[in-house]
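Visitor: Here's the letter readout for the chains.
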Amino acid sequence: MKSFLKYREIWLLAGIVVLIGLISTRFPGFADPANLRQVFNDTSILMILALGQMVVILTRSIDLSMASNLCFTGMVVAMLNAAHPAIPIPVLIVIALLVGLVLGAINGFLVWRLNIPSIVVTLGTLTIYRGATFVVSGGAWVNADQMSPDFINFQRVAFLGLPVLSWIALLVIALFFLVMTRTQIGRSIYAIGVNPTASVYAGIDVGRTKFIVFCISGMIGGLAGYLWISRYVIASVEVANGYELNIIAACVIGGISIAGGIGSVGGAVLGALFLGIISNALPVINISPFWQMAISGSAIILAVVLNARGERRQGRIILRKAEAA
Amino acid sequence: MTDTPAPRHIPDRLDKPLSSAIFSWEALLVVIAVAIFAVNSFASPYFFDPWSLSDLTFNFTEKGLIALAMALLIISGEIDLSVAAIVALASTMMGMAVQAGAGTPVLVLIGIAVGLACGAFNGLLVTRLGLPSIVVTIGTMSLFRGIAFIILGDQAYKGYPESFAFFGQGYVWWVFSFELALFLVAALIYWFVLHRTSFGRRVFAIGNNPVACQFSGVRVDRIKFILFCLTGLMSGIASVLITSRLGSTRPSIAQGYELEAITMVVLGGVSILGGAGSILGVVLAAFIMGLVTFGLGLLNVPGIVMSIFIGLLLIIVIALPIVWRRLREGRFA
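Protein chains in written order, with full-length UniProt numbering: chain A, 1 to 325; chain B, 1 to 333.
Mixed in with the good hints, there may be bad ones.
Said to hold, decoys possible - Some chain B residues judged to face chain A by a derived CB distance under 8 Å, without partners named:
| id | residue |
| --- | --- |
| 1 | L124 |
| 2 | L125 |
| 3 | G146 |
| 4 | G311 |
| 5 | I322 |
Stated by the list, open to error - Residues of chain B placed beyond 12 Å of chain A at every Cβ, according to the derived structure:
| id | residue |
| --- | --- |
| 6 | D55 |
| 7 | F121 |
| 8 | F149 |
| 9 | V175 |
| 10 | V185 |
| 11 | L313 |
Note that these hints are calculated values from the structure, not bench results.
A quick note: this is a predicted structure, and the numbers were derived from the prediction, not measured.
C-beta atoms are modelled at their ideal positions from N, C-alpha and C, and glycine is treated no differently.
Model the full assembly from the supplied sequences, consistent with the hints where possible.
Guide: This is the structure we're talking about:
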């Protein structure tokens, strides 16, 4: 199993290298390390979000509310900053994590205690959280001139050759890698996705674990909220509208099975990078950005087709043979 | 005297006691609808007027048409997130046809055909390649709307013929719009198909246990394929209505409709896990969503705040029966 997973990610990595190669034939500067660092930095937020979504999908759930959570938390943090510029950025980040955690915990509670399917819960909170953004802001925007310079520049400060945003992404990737491969909760998350019934017999509290994964995706949504707002320096109700599907797309391209239990940190990161490279490359090779949506759509379909070949369940084969006879 | 015993009547379905009808999901929806109706009438003097109520129906007929087919699809255990993108693509194709000088009948035909083709594409991917529909349709959602963006960019198609406006703006009789009439007729057809035909029984059976169905000789894949085609077809029809009502096409048309249609279906009591639901519930849910958005609109509540109410309604209506049951059993922790 393990070697098989590796196999899949190597193929994805190879695909990305080929993609970069193809782009370089049209625009030689693209493969330049400085440019690739820029692409990585541009994709940081999507990578972080994809990791948060990954742990949810691994447990056979889905979190459609991440982009709305991002929007709400980003607005709260931006308004706090506009009203009290003296609050230091690390404190704001902690606040963002906590606000996100609360929103994620609401999702998790409804899934855990009331047994409502996660797609229904998060479909509801998707609209509620975005609506709540309107309520707290009164429909007003927070513009760049209302934000403190620290708020905007924190993630842009270069540290050892990389902006802080990239370092945050690397830190989150490392953290997720440790949790998913070296801790009990990580194993539990995989176990639930592979076989929930067997997990119960193995002593895993399935409901509680699902609650925890929604708390994780909530905190990630909150963190991404601050990062997004300070990167694009505008907080409005429209921020990241519809972005939840990009996050899921990154996961799917990264080989994370929507049926749960299959997927890895490396896959989610590479899936996000794939989308990031495409969106960065289109303008420089003179393809209209309007092509991006159709290209990522095709990439998703292609990824599912390729991934499904390895995931076919064995049980059905008898019937398929009988059908053919 | 040979007394042949009268042939015993074997019912198709169990007789339902009256109490189950009173405590059914649909009854709960009727109560909610009446309550919202009453609150709206008190809250705004403009609400209780035939033309206001007629305007109200435009809020849900287009999404409702999609929700009818989506209900069958969800009952069978699949889902289609690409419906709004199909609307956009069909609308774009109609816009292209207008530029080429097509008349109204051709436009309608194109809209419906594009919808059907997109639905068939989804259906093929899901049934032929055995892929999970939620992922496939996330992909085709980007693909279909992406094609609309490639064709249109930031432009818009206008100049639809005058006769084309009837579908989205015309009235059949007095305050009854063509859209409402079409929705009600479609609801009747879908009710008949789902609740009165063997095809409908198979849809329920597939949702409950696709493997057992396969072994019982039900052509699971073929029925699922038909359901995807139907969902595409209804999206095509909805596209004709929306395009006709707005009189223009932008690639961002009908953005977010997929989630609203799914909300209608789930609010209507269809199990998102498949195997249970009714068309009556979906129709009631469509009315409720129309009532909520229109009533709040009359009170000058912005659309984004209305969505909070829709979201809350969705979660509360799903959670209430569960909380209620747990309270009665006394094991709500």
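Visitor: Does each hint fit the structure? Answer for all of them.
Guide: Taking the hints in turn, this is what the structure says about them:
1. L124: violated, 11 Å
2. L125: With a minimum Cβ separation of about 7 Å from chain A (threshold 8 Å), the hint on L125 of chain B holds.
3. G146: Result: holds, 3 Å to nearest chain A Cβ.
4. G311: holds, 4 Å
5. I322: Holds, about 5 Å.
6. D55: Per Cβ check, D55 of chain B is outside 12 Å of chain A; nearest 23 Å; holds.
7. F121: With a cut-off of 12 Å, F121 of chain B comes too close to chain A, as the shortest Cβ separation is near 10 Å.
8. F149: violated, 4 Å
9. V175: Since the minimum Cβ distance to chain A is about 30 Å, V175 of chain B lies beyond 12 Å and the statement holds.
10. V185: Non-interface label on V185 of chain B holds, nearest chain A Cβ at 29 Å vs cutoff 12 Å.
11. L313: The assertion about L313 of chain B is violated, with a minimum of 8 Å to chain A.
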